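For reference, the chains in residue letters:
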Amino acid sequence: MTEKKRYFIENLWYAAAWEYEVAEADNKLARTICETPLVFYQGDTDNYIALDDRCCHRAAPLSIGRVEGNCIRCMYHGMLYDEKGQVVEIPGQQHISKSLKVRSYPVVAKGGMIWIWMGDKDLANEDDIYDFPPLSDKENWRGFDKEAYLHYDANWLLIVDNLADFSHVAFVHTNTLGGSEAYAYSTLPENIEKHDDGFSMERWHRDSNAPPFHAKVIPASEQGDKLDRANIVSMRLPGVFLMETLFAPVGWNEEIDGRSNVREYRNCQFMTPETRNTTHFFWNYMHNKDMDKPEVSASLKESLLEGFMEDKLFIEDQQKLLELSPDFVPRAIAADEAFVHFRNKWAAGLKAEDAANPLIHKENKRSIL
Amino acid sequence: MTEKKRYFIENLWYAAAWEYEVAEADNKLARTICETPLVFYQGDTDNYIALDDRCCHRAAPLSIGRVEGNCIRCMYHGMLYDEKGQVVEIPGQQHISKSLKVRSYPVVAKGGMIWIWMGDKDLANEDDIYDFPPLSDKENWRGFDKEAYLHYDANWLLIVDNLADFSHVAFVHTNTLGGSEAYAYSTLPENIEKHDDGFSMERWHRDSNAPPFHAKVIPASEQGDKLDRANIVSMRLPGVFLMETLFAPVGWNEEIDGRSNVREYRNCQFMTPETRNTTHFFWNYMHNKDMDKPEVSASLKESLLEGFMEDKLFIEDQQKLLELSPDFVPRAIAADEAFVHFRNKWAAGLKAEDAANPLIHKENKRSIL
Amino acid sequence: MTEKKRYFIENLWYAAAWEYEVAEADNKLARTICETPLVFYQGDTDNYIALDDRCCHRAAPLSIGRVEGNCIRCMYHGMLYDEKGQVVEIPGQQHISKSLKVRSYPVVAKGGMIWIWMGDKDLANEDDIYDFPPLSDKENWRGFDKEAYLHYDANWLLIVDNLADFSHVAFVHTNTLGGSEAYAYSTLPENIEKHDDGFSMERWHRDSNAPPFHAKVIPASEQGDKLDRANIVSMRLPGVFLMETLFAPVGWNEEIDGRSNVREYRNCQFMTPETRNTTHFFWNYMHNKDMDKPEVSASLKESLLEGFMEDKLFIEDQQKLLELSPDFVPRAIAADEAFVHFRNKWAAGLKAEDAANPLIHKENKRSIL
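If you read the sequences in order, they're chains A, B and C.
At position 367 of the first sequence the residue is numbered 367 (the numbering used here), and the sequence of numbers has no breaks.
At position 72 of the second sequence the residue is numbered 72 (the numbering used here), and the sequence of numbers has no breaks.
At position 295 of the third sequence the residue is numbered 295 (the numbering used here), and the sequence of numbers has no breaks.
Just so you know, these hints were derived from the structure itself, not from any lab.
A hint or two may mislead.
[Said to hold, decoys possible] Simulated pairs of lysine to any residue, SDA-like, Cα-Cα distance not exceeding 25 Å: (1) C/4 to B/3; (2) B/365 to C/354; (3) A/101 to B/326; (4) B/28 to C/42; (5) C/146 to C/2.
[As the list claims (entries may be wrong)] Listing some non-contacts, in silico: residues in chain A with all C-beta distances to chain B over 12 Å: (6) 21; (7) 30; (8) 59; (9) 145; (10) 237; (11) 257.
[Claimed, not checked] What follows is a set of in silico ranges between Cβ atoms, one per label pair, in the way DEER data are often shown: (12) C/128 to B/366: 26 to 34 Å; (13) C/356 to B/329: 45 to 53 Å; (14) C/327 to B/323: 45 to 53 Å; (15) C/232 to B/356: 55 to 63 Å; (16) C/88 to B/366: 45 to 53 Å; (17) C/232 to B/94: 22 to 30 Å; (18) B/23 to C/232: 41 to 49 Å; (19) C/356 to A/232: 29 to 37 Å; (20) C/128 to B/11: 22 to 30 Å; (21) A/97 to B/202: 21 to 29 Å.
Fair warning: this is a prediction, and the values are worked out from it, not measured in the lab.
Note that CB positions come from ideal geometry on N, CA and C, so glycine has one too.
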C-alpha cells in the first residue's frame, strides 16, 4: 500500500455541462470530470442526475444505456439503476445485493449550467455555487443563442494563469481583444483583493481606443472616440471566472455620470479539469445594448472565439513543453501575484483533503483486465 | 532482477490466422500473438512455419523478407533462416555460429485455421486443438466464402465474458440476433458443465419468435411460426467458442421427432490475445439448408457482423473504462457463473506456469536502443 | 534524489538545421535536439542564435514570439530576451532579476548547415565541426537546389548501423542504389580505420555494372560499361557521415590514370537525435560532371530518396520491434565491426560525461502542471 497523489479538490462545485448539451446527447451525456467518467441525464421531474458512468457489474458505460424515468438501464445485461445509483432490477435474477450500486453525485442547474459536487454529499450546499446572475437575466442581458464550449489539451490552471494577468491581452490579442501593445506598458491591475477561495481585481485603460472586438459592434458615430476601459474580474476555485467590462467616456465618474453612456459586457468562463492534462472550457459573453440585433451577439462570439483560439495556441504549447520538461521551474514576475495566490489556495485545499483522507493505492487483485 | 508479470499461458494452442490470410500476405504474414511478433509462411511442402519476426542480428522484421522454400531470408543484410529458425547463410561470411537463430513454433492447420503452440515444443500435441468439424465438412455445412476476421481493441477475456452470458443478447442485440428483451427475463442457462479447460451450457427459448437474423433466411411459409430455440455452447481455453444453434417446432423432442424439421447453425469464434489489450477475433457461421443459395450465407454474415459490431461497441468501451479505472472491482451477479469459472481456470494455468518457470526481468545492457 | 539516465553526449557539435529552414520558418525555427526544445533565429548581423524554446516565466514557446534584432520577444506577456538568453525587458515592470534567463547555445553555420554545441560553452571549438568542403565549393560541386531533410521515427544509431555496413545495399537497394545481390557476396569493407570519434573505410566493387541510380545519369555511350566502383566513407560522432563515391574504368589506378575518366559523387548524411526514439536526417548528394544540367541533380535526388525510403522502412520497423522487445539481445556478425566500434565510442563518451557530471532527478515541487 502506497500513497497516491491527489490531483483534485473534491469538496467543490464544478461546472459540468450546459443544459442543452445533455438534451443534445439524447439525454445521456458522457463526460469525464476530475478523471472520473460520469453520465448525466435528466429524470422525469426535470431533475438532473449524475452517476459513475461504469456499470458496477462489468464496467460497461451507462451512457450508452437507456433512461427510464429517474432510472438508467445498462444495455449490456439490462441492470437498472435508480437516481441514487442503486441497482433495482437484474433481468433473470430475483435477489439484488445492496452492494450493487454506483456512486451518485449532487447536481444542480443554475443559469443554464449544470454544476456537480465531486466530494462528500453532506457538505454540498448549492448556495456555494458561483452562479453568474446575467446568465439567467434574459431581460437585461443577451448572450449567445447557444452557450459555448471548448476543449483544451492543457491543465486548467494554465488557463487560470492566463486570465489572471491581462498584460497578455496586449501581445496575444493585439488585433482581436486587445488593441495595442501599450496596454501592457501603461496599465496595471488595481484593487487586487485576495480571498480564501480566489481573488478579484480591476484593470483600467484610460483614454484608450476601442479594441477591435468592441469597435465591430458600436455605431459609426462612436467610432474613433477615446474611452476609459475597465475589466473587473473575479476568479474562484476551482476555475470560475466572472468579468464585468465597461467602455465609458473618458474621465467617467460613476457617481456623477451613471451608466447610461457606458457600454457594458458580462463574461463568464468556467474551467473544469477533465483530467490533469485536459480541460472543459465553458463560456458566454453578454451585452445589454441593441439586444434586438442578433448580429451583435454573433459578432461578439466570433471575436471572442478568435481571441480564445489565440490563447489556446499558447496554453496548449505550454502544456506540451511542460510535459517534455518535468524539471522546469518557473521564474516569477510582479504580474504573477494574483495567480500565485490562487494556486496557493488550491494547493492548500488539496493538502487539507489529503490530511483528512489520504488516497491509498491498493493492488487490485480483482481487476478484470 | 525482479519478477515480471506473466500475462499469457504458453502451453496452449492459439488460433493464429486463417490459411487464406497467409496467402494474401504474399506468404509472409506478420502477426503478433501473446505480445510476441511472429512471421507465418508456407514452406515448399505446404507446411506452415512460424518464427519470431525479428532477425537475431539487428531486429529487422523477417516478414518483409523473402520466402525461399522452407527458408526465409532477412532482406536487410541477407541472412537466411531455415524452418527451425537457424541461420544457414550470411552473405560474405563463412563461419556461422549456432547461436544465430530465432525461435520457431509448432504450427498446425485444421479446418482452414492455422493454430500455433506458444510454449514448450515437447508438450505440443495437435490432438489437443479444439478443431470444429463443420469447418472441414464442406459437404454438410456451408460457411462464408472467406472466413471472417475482426480486430478488437480490448482484452480477449472481455469477449469471453460476453459469450458466456447470453442474457446480453436481449439488450445488445434486440434488433439483430436477439429478437426481444424477454429473452433475458424468461430464459436461463441450463446444463452448465464445468471442465478443467472451460465450460459448456445450453440456453433454450421455447415458444418464441424467430430472431431477425434467422427470419431473414427462412421461407415465407415459415415466417411467424413459433419456435423452440436452443444455443448449445462450448468454451475452451484460451478463447475457443463453438456453438450449435437449433430452431425447432414448438414442443420438439429430438428422440421422437429427429432433426429433419429443425433448422440448424454452427458457429465458431476464436479469440486470441494479440496483446493484453487487443484481440484477434476469427469467426464463421455455417448452415445446412439451401446450401446452393449463396445469398443465405451472405445474409447470415451480414446479420452476424452487425451483431458483433454491437458487442464491439460495449467491449471496447469496457476496455477504455477499465484502463481509466485501475481500482474498479467488479460486482458479481448470478449469470457470471460460467465466465468466473473460466477466468479461474485461466488464472490457475498462469499461476502453474509461473511456479514452474517464473519470468524474470533482467536489465538489458546490450539493448541497441 | 536518484540518478537519471543520460542519453546524449553534450560536448559535441550536432547538425541542427539547414540555413534555409530558419528563413522559411519566418526566422524562428522550433526544433528539438537531444530532447531539448530549442528556437533558432538569425540576428541583425546575420549571426544565428539558439535559445531554449521555453520562456523562463511560464514555459510559453519563444518560437511563436517575435525576433527584434538580436533579441526575441515572448509574445505571451512580452518579455524580451537578448542573444545570451537574458531577459532585458518586462512590460510594466522596472526591476529585472538576473535570474530571469534561458540557456543559450553556441551556434555556427558552415556549408549551409547550422551546427549547435549542446554542452559546456567553454569547450566549444568550431574547428571541431565535421564540415564537408563540397557543401561550400559550389564551383566544383553541384548539389540539390535545396538541401534535403527527412524525419525518422527511430533512434539515430540505427541509421548509423545502416550506413556502417554496405552489405545492406545488395538486399535493401537492389533496384535503386545497389544493382545486384552479388555486392554482398563478393565485396567486403577494406581499410577499416578506427578513430576515437568514429571510423573510416572503403568498399570496392570491381568489374561491376553501373547501379541504377548512376546508370540514369550517364550518357548512352557509357551504358553497359563495366566499372570499378568505390565507396569511401567516414563516420564521426554523433552521426556525421561523409562519403566519396567513384565509378572508374575497370583496372583503374589513380596514380597512373588520374581522375579525368572517373565519375565522382560526394554525399553527406547528418543524423541528429531529436529524442532517443526520433531523428533529424539531413543530406545532400553532389556531382561534378554536367554541372549545367539541373536534371542530373534532380535525378540523383529522386534516386537517393527512393533508396533512403527503403532504408527508412527497415529502420523504423526495427525501432518498433525493439520497443516491443526490451529483452532483445542482438547477435553479432563479422560485418558489425565498424558500428560496434562506433557504439562503443559513443557509450564511452556518455560514461565519461556521467562520471564528470552525473544527472540527478530531483522532485520538482514548483512544477506548474
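Comparing the hints with the structure gives:
1. Straight-line distance between C-alpha atoms of residue 4 of chain C and residue 3 of chain B comes to about 23 Å, which keeps the hinted pair within the 25 Å bound.
2. For the given pair, residue 365 of chain B sits about 16 Å from residue 354 of chain C by alpha-carbon distance, which is consistent with the 25 Å threshold.
3. A distance of roughly 18 Å separates the Cα atoms of residue 101 of chain A and residue 326 of chain B; the hinted pair therefore holds under the 25 Å criterion.
4. Pair hint residue 28 of chain B plus residue 42 of chain C does not hold up; C-alpha atoms about 51 Å apart against a cutoff of 25 Å.
5. A C-alpha spacing of about 46 Å is found between residue 146 of chain C and residue 2 of chain C, which places the hinted pair above 25 Å, so the restraint is violated.
6. Residue 21 of chain A, annotated as away from the interface, keeps every beta carbon of chain B farther than 12 Å; the closest lies near 20 Å.
7. For residue 30 of chain A, the non-interface assignment is contradicted: its Cβ lies about 9 Å from the closest Cβ of chain B, within the 12 Å cut-off.
8. Here residue 59 of chain A does not stay apart from chain B, with its beta-carbon only about 5 Å from theirs, under the 12 Å limit.
9. Every CB of chain B lies more than 12 Å from the CB of residue 145 of chain A, the least distance being 33 Å, so the non-interface label holds.
10. Residue-level check passed: residue 237 of chain A sits 25 Å from the nearest beta carbon of chain B, beyond 12 Å.
11. With a least beta-carbon separation of about 56 Å from chain B, residue 257 of chain A lies farther than 12 Å from that chain, consistent with its non-interface assignment.
12. Under the hint 26 to 34 Å, the C-beta atoms of residue 128 of chain C and residue 366 of chain B, about 30 Å apart, fit the expected range.
13. For residue 356 of chain C and residue 329 of chain B, the hinted distance range of 45 to 53 Å is satisfied, since their beta carbons lie about 51 Å from each other.
14. Checked against the hint of 45 to 53 Å, the C-beta distance between residue 327 of chain C and residue 323 of chain B comes to roughly 24 Å, which is inconsistent with it.
15. About 56 Å separates the C-beta atoms of residue 232 of chain C and residue 356 of chain B, a value consistent with the hinted range of 55 to 63 Å.
16. Separated by about 50 Å at the C-beta atoms, residue 88 of chain C and residue 366 of chain B satisfy the suggested range of 45 to 53 Å.
17. As the Cβ distance of residue 232 of chain C to residue 94 of chain B is approximately 26 Å, the hint placing it in 22 to 30 Å holds.
18. The hinted range of 41 to 49 Å is satisfied by residue 23 of chain B and residue 232 of chain C, whose Cβ atoms lie roughly 46 Å apart.
19. For residue 356 of chain C and residue 232 of chain A, the hinted distance range of 29 to 37 Å is not satisfied, since their beta carbons lie about 56 Å from each other.
20. Range check, residue 128 of chain C to residue 11 of chain B: Cβ separation about 58 Å, and the 22 to 30 Å hint is violated.
21. Checked against the given bound of 21 to 29 Å, the beta carbons of residue 97 of chain A and residue 202 of chain B, roughly 27 Å apart, stay inside it.
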